[in-house]
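Go ahead and model the full structure; you've got the sequences and the hints to work with.
Read in order, the letters of the sequence shown are residues 271 to 336 in the numbering used here.
Keep in mind that the hints were calculated from the coordinates and are not lab data.
You may find that some hints are simply not true.
Under the rule of at most 25 angstroms between Cα atoms (straight-line distance), these lysine to any residue pairs were calculated in the SDA-like manner [said to hold, decoys possible]:
1. K297 <-> L315
2. K304 <-> I294
3. K283 <-> V305
4. K283 <-> K304
5. K283 <-> R318
6. K304 <-> L315
7. K297 <-> R282
8. K283 <-> Q299
9. K304 <-> P323
10. K297 <-> E307
Restraint-style ranges between C-beta atoms, simulated for each label pair [what the hints assert, rightly or not]:
11. H280 <-> K304: 16 to 22 angstroms
12. K297 <-> E317: 31 to 37 angstroms
13. P323 <-> D298: 19 to 25 angstroms
Since the model is a prediction, treat every value here as computed from it, not as a measurement.
C-beta: ideal position from N, C-alpha, C; glycine also.
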Amino acid sequence: MTDFLTNADHWRKRAERTRALAAIAVKDQGRLLKVAEEYDRLATLAERRRSAPVPAGSYVPAGRPE
Numbered sequence: 271m272t273d274f275l276t277n278a279d280h281w282r283k284r285a286e287r288t289r290a291l292a293a294i295a296v297k298d299q300g301r302l303l304k305v306a307e308e309y310d311r312l313a314t315l316a317e318r319r320r321s322a323p324v325p326a327g328s329y330v331p332a333g334r335p336e
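See below:
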């Protein structure tokens with residue numbers, strides 16, 4: 271299972287796909303581009319989470335027993 275909190279690639283791929291949709295969209299092009307920007311923002315946050323030190327015992331990735 272992917273940990274979306276630290277997987278920047280996941281969010282960057284979503285942003286890329288959303289921009290591709292916006293390029294061919296007749297309606298809502300601006301809205302799709304805003305969504306893509308938010309995905310990029312989530313990717314940046316994921317990178318920060320991945321590189322930030324985590325205090326011992328404070329984080330258990332999804333799918334792993336404590």
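Comparing the hints with the structure gives:
{"no.": "1", "hint": "K297 <-> L315", "verdict": "29 angstroms, violated"}
{"no.": "2", "hint": "K304 <-> I294", "verdict": "15 angstroms, holds"}
{"no.": "3", "hint": "K283 <-> V305", "verdict": "12 angstroms, holds"}
{"no.": "4", "hint": "K283 <-> K304", "verdict": "15 angstroms, holds"}
{"no.": "5", "hint": "K283 <-> R318", "verdict": "17 angstroms, holds"}
{"no.": "6", "hint": "K304 <-> L315", "verdict": "17 angstroms, holds"}
{"no.": "7", "hint": "K297 <-> R282", "verdict": "23 angstroms, holds"}
{"no.": "8", "hint": "K283 <-> Q299", "verdict": "18 angstroms, holds"}
{"no.": "9", "hint": "K304 <-> P323", "verdict": "31 angstroms, violated"}
{"no.": "10", "hint": "K297 <-> E307", "verdict": "18 angstroms, holds"}
{"no.": "11", "hint": "H280 <-> K304: 16 to 22 angstroms", "verdict": "19 angstroms, holds"}
{"no.": "12", "hint": "K297 <-> E317: 31 to 37 angstroms", "verdict": "32 angstroms, holds"}
{"no.": "13", "hint": "P323 <-> D298: 19 to 25 angstroms", "verdict": "41 angstroms, violated"}
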